[in-house]
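Number of protein chains: 2
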Amino acid sequence: MDQLKNPSIFIGVQGDGIISFGSGQPDLPPPENVFKILPNFRQFKYGLIQGQPNLRKALAKQYECCSSEDNFVITNGASEAIDLIFRVIGKPGDKLLLHKPYYYSYPTLIEKAGLKVVCTETVKGKIDFDDFDKKVRGCRAVLINSPSNPTGRIQEINTLKKIEKLCSDLDITIISDEVYKDLIYERRNYDLKGPHVVTINSFSKTFCMCGLRVGYLWSNDKEIVQKVIDLKTLSSMNTNILAQEMAYEATKTPRSYVDKQVKIWQERRDAIYEGLLKLGLELWKPEGAFYILPKVKNPRKMVWDLYKKHKVITYLGDWFGAPGSIRLSYALDIDKIEEGLKRIGKYLKEK
Amino acid sequence: MDQLKNPSIFIGVQGDGIISFGSGQPDLPPPENVFKILPNFRQFKYGLIQGQPNLRKALAKQYECCSSEDNFVITNGASEAIDLIFRVIGKPGDKLLLHKPYYYSYPTLIEKAGLKVVCTETVKGKIDFDDFDKKVRGCRAVLINSPSNPTGRIQEINTLKKIEKLCSDLDITIISDEVYKDLIYERRNYDLKGPHVVTINSFSKTFCMCGLRVGYLWSNDKEIVQKVIDLKTLSSMNTNILAQEMAYEATKTPRSYVDKQVKIWQERRDAIYEGLLKLGLELWKPEGAFYILPKVKNPRKMVWDLYKKHKVITYLGDWFGAPGSIRLSYALDIDKIEEGLKRIGKYLKEK
Chain A
509 MDQLKNPSIF IGVQGDGIIS FGSGQPDLPP PENVFKILPN FRQFKYGLIQ GQPNLRKALA
569 KQYECCSSED NFVITNGASE AIDLIFRVIG KPGDKLLLHK PYYYSYPTLI EKAGLKVVCT
629 ETVKGKIDFD DFDKKVRGCR AVLINSPSNP TGRIQEINTL KKIEKLCSDL DITIISDEVY
689 KDLIYERRNY DLKGPHVVTI NSFSKTFCMC GLRVGYLWSN DKEIVQKVID LKTLSSMNTN
749 ILAQEMAYEA TKTPRSYVDK QVKIWQERRD AIYEGLLKLG LELWKPEGAF YILPKVKNPR
809 KMVWDLYKKH KVITYLGDWF GAPGSIRLSY ALDIDKIEEG LKRIGKYLKE K
Chain B
509 MDQLKNPSIF IGVQGDGIIS FGSGQPDLPP PENVFKILPN FRQFKYGLIQ GQPNLRKALA
569 KQYECCSSED NFVITNGASE AIDLIFRVIG KPGDKLLLHK PYYYSYPTLI EKAGLKVVCT
629 ETVKGKIDFD DFDKKVRGCR AVLINSPSNP TGRIQEINTL KKIEKLCSDL DITIISDEVY
689 KDLIYERRNY DLKGPHVVTI NSFSKTFCMC GLRVGYLWSN DKEIVQKVID LKTLSSMNTN
749 ILAQEMAYEA TKTPRSYVDK QVKIWQERRD AIYEGLLKLG LELWKPEGAF YILPKVKNPR
809 KMVWDLYKKH KVITYLGDWF GAPGSIRLSY ALDIDKIEEG LKRIGKYLKE K
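Listed in order, the protein sequences are those of chains A and B. Sequence positions in the first sequence follow our numbering and run 509 to 859. Sequence positions in the second sequence follow our numbering and run 509 to 859.
By construction, these hints were calculated from the structure, which means they are not laboratory data. These figures come from a predicted structure and were not determined experimentally. One thing to keep in mind: the hints can contain errors.
The list makes no distinction among identical chains, and a pair is therefore deemed to hold if it is satisfied within one copy or across any two copies.
To be verified - Straight-line C-alpha distance at most 25 Å; calculated BS3-like pairs for lysine-lysine: (1) Lys816 / Lys624; (2) Lys620 / Lys735; (3) Lys620 / Lys603; (4) Lys513 / Lys553; (5) Lys620 / Lys634; (6) Lys850 / Lys809; (7) Lys624 / Lys793; (8) Lys565 / Lys854; (9) Lys844 / Lys553.
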C-alpha cells in the first residue's frame with residue numbers, strides 16, 4: 509500500500525483482465541482525419557517554440573474574446589501548460605488559490621515553482637463565493653477547473669461571473685483549466701474572460717488524443733504569454749511538430765463529432781452514477797468530464813485491494829485533496845463499467 | 509538590439525534568403541525507416557510516463573554500463589531531460605558546477621530550479637582540472653557537456669576519468685549531456701560512468717529528428733530515475749507515443765548512417781573553420797558537434813546587423829557565458845556556409 513503515493517504506478521497500465529477506472533483517457537478513437545496526414549509527413553526540423561501558425565490561427569478563431577494567434581502557446585498537453593504557467597506567474601512565496609478537491613498535479617507543481625497553495629473548500633464541489641472572496645485576497649493567481657477533475661462538477665455561471673469581476677478588480681490572474689469544457693452534460697461551457705485570464709485547454713479529452721500530447725494556453729496578457737515562450741525555449745522547445753499537424757486536422761472536425769461523444773459520456777455517467785448509488789455509496793452527480801468521486805470507508809485499503817484482488821484500478825481521493833473518497837474515471841465502455849461495478853460490489857460485500 | 513536577450517527570436521525562423529548559423533539543427537534528413545511506421549499508426553492512448561518499453565530496451569543495449577531499461581526515462585528532447593534533472597537533483601540553494609562556455613539554457617533552468625550556478629573556466633574550451641577540483645567541492649552536482657555546445661570542443665579522456673573518480677569520492681552527481689556524442693571527428697566518445705552519473709542524450713542530432721522531440725536520460729541511480737518519473741507524471745506525462753515509435757525505428761539504423769553524417773559534418777567543419785580563419789577571426793578548432801565560437805568585436809551589434817542587413821542568423825556569445833564572441837552552427841550545406849561566410853566578410857569590411 510506504500511506504493512500508493514501518487515498515480516504514476518497506474519498510468520499506462522493495461523490489459524490482463526484489468527478494469528481501469530484510473531487515468532482519464534477516452535477509449536473512443538480520435539476523428540479519423542487526424543491520421544490522414546501521416547503517410548505523407550516528412551518534416552523533421554524544429555518548429556516555432558510558440559507553436560505552428562496554422563494550429564494557432566485555427567484555435568484563435570474558436571475564442572470570441574481572443575484577438576490573435578500570437579496569444580497562444582502550444583504545449584506538451586495541458587500538463588505542460590499548467591507547469592509553465594505556475595513557473596512564470598509569480599515570485600517565490602506568492603500565493604495561488606485552488607478550489608478543493610483539485611487535480612492531483614496542481615499542489616506539487618505549485619510548490620515546485622516556489623509558490624504557496626491556498627485552498628477554498630467547496631460545497632458538493634461548488635465554489636462557495638464568500639469563502640472564495642476571503643481566501644483570494646493577497647493571492648497572485650487563482651486556478652479554476654470547471655468541469656472539475658476529480659469531481660465532474662461544473663461551477664455556476666453566476667459564481668464564475670463574480671470571480672471574473674473580483675479578480676479583475678483585485679488584479680489577480682485567473683488560470684482557467686478548461687480541458688473538459690467540451691464535455692458538459694448540462695449546458696455549454698462558460699469561457700472565463702478578462703485581460704488577465706490564462707485559458708488552458710487540450711486535444712486529449714475532446715479529440716481523444718491523450719498519448720499524442722497536444723495542449724495549449726492562451727491569454728490576452730501578452731507579458732505572460734512571452735514569459736511562457738521564454739521558459740519553454742529552454743525547458744522543452746517546440747511541441748512535437750507531427751502531433752501539432754494532427755491537432756490542426758482535429759480543429760476541422762465538425763461539432764457533431766463532439767456532440768456524439770458527449771451523448772456516449774452521458775450514458776456512461778448515468779450507468780456509473782446509478783450503479784454506485786445502488787452500492788450504497790455517497791456521491792455528487794457529475795455534470796461534465798468523466799470522473800466521479802464517491803465517499804468510501806478505508807479508501808487506501810479499498811484502492812489497494814481492488815487493484816490486487818479484483819484487478820480494478822481506482823485512484824485515491826487523498827491525491828486530489830479529498831480524503832475519505834476514491835476517484836473513478838468512467839472513460840470506458842458500458843460493459844466494462846458494469847463489470848467494474850460488479851467487482852466493486854464484491855469487494856464491498858467481502859471486506 | 510534589445511530583442512537579443514535570448515535565442516527565442518531566431519528559433520524556427522526560416523526562408524526568405526536567410527542563412528541561419530543559428531539553432532543547431534541538422535539539415536540532413538532522418539533515416540528513411542523513421543517515417544515507414546507512419547501510415548499504419550493508429551494509437552492514441554497515454555503511454556507509460558517513463559517511456560515505451562521497446563524504445564527503452566533498445567537504448568539499454570547501447571550502453572555497456574547500463575543494467576536495465578528501467579534506468580531510462582524518455583523525454584521531450586534532451587531539453588526536458590535537463591530541466592527535469594535540475595528540478596529533482598537538489599534542494600533550494602544547492603550548487604551545481606558548469607564549465608564555461610556553457611549551453612545557454614543551463615544557468616536559467618538551474619536558477620529556476622532554485623539551485624545556484626558555479627562556473628569553472630576552461631582553457632580553449634578544455635576543463636582545467638585543478639580549477640575544477642577547487643570549484644566542485646561543496647557542489648551537489650556537476651554538468652559535463654562534451655562535445656560542447658557552443659564550442660564544439662571535447663574534453664580530454666584523461667580529464668574525464670579524473671572527474672569520474674573525484675565526483676565518485678565526493679559523492680557528487682555527474683550530469684553528462686552527451687547529445688553530440690555520436691558527432692566527434694577525433695575519436696569515439698568516452699561515456700562517463702559511475703553509480704551516480706546521469707546521462708542525457710537525444711535523437712535530435714544523431715538522427716536529425718529535432719522537431720520530433722525525443723530525448724532521454726538514464727542513470728544507475730534508481731532514486732534519481734524515480735524522482736524524474738514522479739515529476740514528469742505531473743509536468744508533461746508521457747512523451748509523444750508516435751515520436752517514440754519513430755525513435756525506436758531510428759535505433760535500428762546501421763552505424764554506417766552515422767559515419768556518413770560525421771564525414772559530412774567534418775567537411776563542413778573544415779569549410780567554416782578555414783573560412784573564418786581567413787576572415788581574420790580568432791578561433792578554437794571544433795572537434796565535435798557542429799558549432800564554432802569565434803571571438804569578435806562588438807558582438808551584439810554584429811549579430812544584429814548580420815541579421816537585419818545581411819540576413820545571416822548567428823547567436824550572441826553572451827548567451828553561452830562567452831562575451832566577446834558569437835556562436836555559429838554549421839549545420840547547413842557547404843554552399844550556404846560559403847554564402848554565409850561571404851556575407852560575414854562583407855559585414856566585417858563595411859563596419
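Here is what the structure says about each hint:
no. : hint            : result
1   : Lys816 / Lys624 : neither (36 Å within a copy, 44 Å between copies)
2   : Lys620 / Lys735 : both (17 Å within a copy, 13 Å between copies)
3   : Lys620 / Lys603 : both (13 Å within a copy, 17 Å between copies)
4   : Lys513 / Lys553 : between (39 Å within a copy, 23 Å between copies)
5   : Lys620 / Lys634 : neither (27 Å within a copy, 35 Å between copies)
6   : Lys850 / Lys809 : within (18 Å within a copy, 72 Å between copies)
7   : Lys624 / Lys793 : neither (31 Å within a copy, 49 Å between copies)
8   : Lys565 / Lys854 : neither (51 Å within a copy, 39 Å between copies)
9   : Lys844 / Lys553 : between (42 Å within a copy, 17 Å between copies)
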